[in-house]
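Construct all of the structure, not just a fragment, from the sequences and the given hints.
Chains as they are written, first to last, in our numbering: chain A, 1 to 411; chain B, 1 to 255.
Where hints are given, some of them may not hold.
[Stated by the list, open to error] With a straight-line Cα cutoff of 16 angstroms, these simulated EDC-like cross-link-like pairs (lysine to aspartate or glutamate) come out:
hint : chain 1 : residue 1 : chain 2 : residue 2
1    : A       : K380      : B       : E238
2    : B       : K49       : B       : E62
3    : A       : K380      : B       : E191
4    : A       : K22       : A       : D5
5    : A       : K275      : A       : D295
6    : A       : K7        : A       : D26
7    : B       : K230      : A       : E402
8    : A       : K380      : B       : E114
9    : A       : K22       : A       : E117
10   : A       : K275      : A       : D231
11   : A       : K108      : B       : E114
12   : B       : K49       : B       : E114
No wet-lab data here; the hints were simulated from the structure.
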Amino acid sequence: MAVADFKQFQEKDSASPEALTKVFNDTLWADLASSGVFNMVSKSFYPKAVPGRAEELPVPAMAAWAQPPASAEALVFGTVSTKGDRMEVSGFLFDVTGHSTQPQQLGKHYADEALPEASRVIAHRFANEIIGLLGGGVQGIGESRIYFVSNRTGNKEVWVMDYDGANQHRITRYNNLTLGPAVSADGSKLAYTSYFSGNTEIYVLSLESGRQLTFHNLGPHLNTAPYFSPDGNHIAFSASRGPDSEIYLGDSTGANPVQLTRERGVNISPSINPKDNRIAFVSSRSGNAQVYVMDSNGGNVHRVSGGGGEAVTPAWSPNGQLLAFAWTRGYAPGNYNIFVMDITRGNLVQLTYGAGANEHPSWSPDGRHLVFESNRGGRKNRQVYTMLADGTQVKALTSAGENFTPVWSVR
Amino acid sequence: MRSRYARLFATCLLGLMVAFFAAACKPKPKPKVDTTPPPVTQPQEAPAKPTARLSANPPSIERGQASTLEWSTTGATSVTIETLGNVAVSGTQQVRPTQSTTYRLTATGPGGTESATARVTVTNPQGPTTNVPPTRNPSEDDLFVQNVRTIYFDYDKYDVRDDQKAILQGNADFLRAHPNMKVVIEGHCDERGSEEYNLGLGDRRANAVKEALGALGISGDRIRTLSYGKERPVCTDENEECWQRNRRGQFQLDR
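Structural data, given as structure tokens:
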């Protein structure tokens, strides 16, 4: 796939489109390159004549793109114009192989305020259209976001950022210890644990209104590890009514909790399968931390992490077939790597290979990427990283303070 | 083109999502198996000097009342506060001085030492009041700190070790002799587990100590538990000596 720099146009008495076009071009390229779907042709191979409008690419002109050195099959191009304080973007996707009777696959038009942030959003939307069309029908992640915990203000609070690390900003303002965010499948609600009241309690926040929603914590003991059910109507969590922490499933306010585990020790970190509602979780029942899976009613418990080491932080993929988790197999205690298991077949793949701690994987909505925390940059320097689900294209998204326990949200 | 692309990219989709093991539609590097750990590179510049912050709230009390010290530090491996002794790198502590006192915090780390102070002014009560709270013996805080000691645990374990039972007995004896005292047992872990699992393990440790005290005759009504997981280490070195100091059940006077 070739992605030409969009041409810029400026109407009289309008802002310069130069900065906006650069933001647009960079964002569009990054979204398409990191989608894991396309072989990107380097811009250095492009022909000199680059189209801006659809009419500028008649069939004879397409050959220049389909032949070496570009050897492209698809070409993305268009224009960015400023009109007064507004910007307009026209984007096209063409099949340049010459084999198609209808070369134009996409022609999209966008308009917004002439601001860099608007330019970025338009680029995300257009990239999503291309990925949605060519990527087997799965929605692109250009507008998805990642919630995480950061201590850069001096306290651990929940923050959010775009999927590519842009627009990092703080969500909670307790000026206290706040941990372990979870986000609902539709991106409308955020849950986390905070010490604000003096005890470990779960809070639920509406991301649409910014207001706190009711959550009934089970009691004056440990209440933590909230996780939304796929339909958003239930919340799983861990609480220690007695000496042991157990997994519960309550409704969306935590009321009517059903106890799902009854084992000694630690039972924590529930993750609910988006397709069949099975629950993966961590338990110390066999002597140390291991990952287990049970039915949504607590039955049929079986252990996933066999052999040596400790396993924590399980996360189901969006298609419900894969379970990612962190495991110390082969390394000293505390040195986790990210593994993915195909639950039906039992196949296991190791995605990171290093000493140090790589933990808390979370899947992108398209199932092609994982976000996780790693201290590979320094023992006391945990940061949030993304990678393709095959372990390649590892990229750090954060750098200020320490940043960890990320969760990927659809928006 | 659509069907060709759909086939090509559906294969990509499947290749990524279900079968990592089949050949992908574009060559992807297979993860290499490292047999040696990669070299650890450390920054070469001098470590930053620690920072320290200490506050007392409220800063002025009547004799017999309490103020809460709150502190936080960065870059410190050891923190002490005068009259309290060794404390965590950040935290809170209620104090009940009988006269105006300036508390001094000293934070020491590889980058040097930093200190911070906070003053609590103590005034005489204004006169008889109708609702006089039970006056505590002002030295009770000191007595508690001297006589109720921390319990330590093995890695990933929450049972009370044999070599800790004498300490637990001593704690129980003291609490029995001071029946009006209530305690918070804080459960802590070393840095190596995941954050969430350590919250659970710290909680289980606090509950184990509470249960053990119950067996020694101290009522659970007097005991609150709170897990800090690995959030409040007393040291940050990467060795067993420090890890053991962090795997603990710590007692605080509860109001």
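Original post:
Which hints from the list above does the structure break, by number from lowest to highest?
Top reply: 2, 8, 11
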